[in-house]
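*Asks:* Residues per chain, in single letters:
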Amino acid sequence: MIKVTNLKKSFGDLEVLKDINVQINKNEVVVVIGPSGSGKSTLLRCLNKLEETTSGTILLNNIDLTNKKVNINKVREDIGMIFQQFNLFPHKTVLENIIIAPMKIRKKSRKDAENAAYILLDKLGLVDKATAYPDSLSGGQKQRIAIARALAMEPKVMLFDEPTSALDPEMVGEVLNVMKQLAHGGMTMVVVTHEMGFAREVGDRVIFMDEGYVIEEADPKQLFSNPQHERTKAFLSKVL
Amino acid sequence: MNFIESIVSIIQKHGTAFLEATTITVSITAISLIIATVIGLVFAFFKVSNIWILAKLADIYIFIVRGLPLIVLIMFLYYGISSVIVLSDFIAGAVALGIHSGAYLAEIFRGAIQSVDRGQNEAARSLGMTAPLTMSTIILPQAFKRAIPALGNQFIIGLKDSSLVAYIAVTELFSHALTASAENYMPFETYLVVGFYYLGLVLIFTLLLNYVEKRLNTENLYMKKLKKKTHSL
Ligand SMILES: Nc1ncnc2c1ncn2[C@@H]1O[C@H](COP(=O)(O)OP(=O)(O)O)[C@@H](O)[C@H]1O
Ligand SMILES: [Mg+2]
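The listed protein sequences derive, respectively, from chains B and X.
Under the UniProt record's numbering, the residue at position 205 of the first sequence is numbered 205, and the numbers go up by one with no gaps.
Under the UniProt record's numbering, the residue at position 227 of the second sequence is numbered 227, and the numbers go up by one with no gaps.
Hints were generated in silico from the structure; no laboratory data involved.
There may be inaccurate statements among the hints.
[Unchecked claim] Straight-line distance between alpha carbons at most 20 Å, and here's what the computed EDC-like set of lysine to aspartate or glutamate pairs gives:
| hint | chain 1 | residue 1 | chain 2 | residue 2 |
| --- | --- | --- | --- | --- |
| 1 | B | K49 | X | D161 |
| 2 | X | K145 | X | D117 |
| 3 | B | K3 | B | D219 |
| 4 | B | K8 | B | D78 |
| 5 | B | K18 | B | D78 |
| 6 | B | K74 | X | E213 |
| 7 | B | K156 | B | D168 |
| 8 | X | K214 | B | D135 |
| 9 | X | K160 | X | D59 |
| 10 | B | K92 | X | E122 |
| 11 | B | K104 | X | E122 |
| 12 | B | K92 | X | D89 |
| 13 | B | K111 | B | D135 |
| 14 | B | K74 | B | D64 |
| 15 | B | K8 | B | E28 |
| 16 | B | K92 | B | E51 |
| 17 | B | K123 | B | E154 |
| 18 | X | K145 | B | E96 |
| 19 | B | K69 | B | E96 |
| 20 | B | K180 | B | E154 |
| 21 | B | K8 | B | D210 |
| 22 | B | K26 | B | E211 |
| 23 | B | K26 | B | E201 |
| 24 | B | K69 | X | D89 |
| 25 | B | K180 | B | D204 |
| 26 | B | K3 | B | E96 |
| 27 | X | K145 | B | D64 |
| 28 | B | K18 | B | E217 |
| 29 | B | K49 | X | D117 |
| 30 | B | K238 | B | E211 |
| 31 | B | K92 | B | E114 |
| 32 | B | K156 | X | D89 |
| 33 | B | K26 | B | D13 |
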């Protein structure tokens, strides 16, 4: 579904991604781990062109996103992205947050968009928050609404950039549960996280990154119990 | 005639004319601020765009307009432009005031737009929204709200600056004061009275602004309360 080949990305003189090659298959949950500053967020942000790539190709269903002629707005409609800081629209209610993109971009009628939004909210147990503003929600609720907002566009892939890192510990579970449900429903997901339990339980594959390289990638059980590289071992010994 | 009597006589003689002139002051201010808002938004967009030449253009505009005394700009436009295109005094004045305030509003809008968290733009763009749609539905509403105090301030300055168009024969409030004081030989009292007209205008505008600001700030709070109420029912 996504095929990244020889991807490089520099910010000025700083080369952050150095020759990345990864593939993400349909219905697969790929978890990306690695130390802070290793380029995980940058890789994720290249996948929906929030960052311009320096060289290499990114194929999404055989469309090369690095081709300047590709309409990136159209591509992004099919790629949901979840941020560490939620980034809900504070001047809009929960319901408006969810329906704005389906209405303005997918040209759904307000009625259809709202019905779909309520179905999502119902699944998340957040129907009673529909008319609330984001400021009044807890972190866990905000992140679940952010997921609902992305899902309302019916994306083919979801990218998660440390979705639980800004949450109080007691709220991490509710967000991970939603992500698990999504995974079980067959959503293709790329998840940057420090939640090793989630990686082990839900991940089909784990990618370990360090200093702009993919050092190792393997089935989670294998990678956690029998890492092949020194750097992976060193990292895992710190986080496990 | 003592001081009080002079004041009373000025109000009796010119009060109504001053009030009529006030409507011209208000309308030239309003029109100039509409022009200024359009100019300000356009140049603010130029400045936050990644297009080098547009950002430079905005810088040059702001530099020139801020560097020129307003009265020079007014005279320049009145005599300069009017010699090419026939503009009424009123229009020439409104345009000059608008060009002037526009430069300041551009900086206010730019600051407000840039103060909106980058994550807002990224979230909207990642949903597939185009840059213009993101700007109009996500960034600008938040930026406007933050800009209101600074906008209000600039609008008040614009109102007071409108007095300068008296020098290109627009018969607004200050020009009436000029003629009245030349007739009655009571300049001190005349300008005092006119001063209160300006203060009255600014007061009304300030109250209006406070009301708008309060509405915007309490809107969210109000919605929440309403929600709670309907729940407890
Ligand atoms: N916009 C940017 N400009 C300059 N440097 C950046 C930018 N974004 C990230 N970096 C740098 O790129 C490196 C990788 O960052 P990031 O992808 O955020 O790492 P991670 O998500 O793995 O912690 C870091 O050294 C970071 O400082
Ligand atoms: Mg990161």
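*Asks:* Which earlier hints can't be squared with this structure?
*Replies:* 1, 4, 5, 6, 7, 9, 12, 13, 15, 16, 19, 22, 24, 26, 27, 32 and 33
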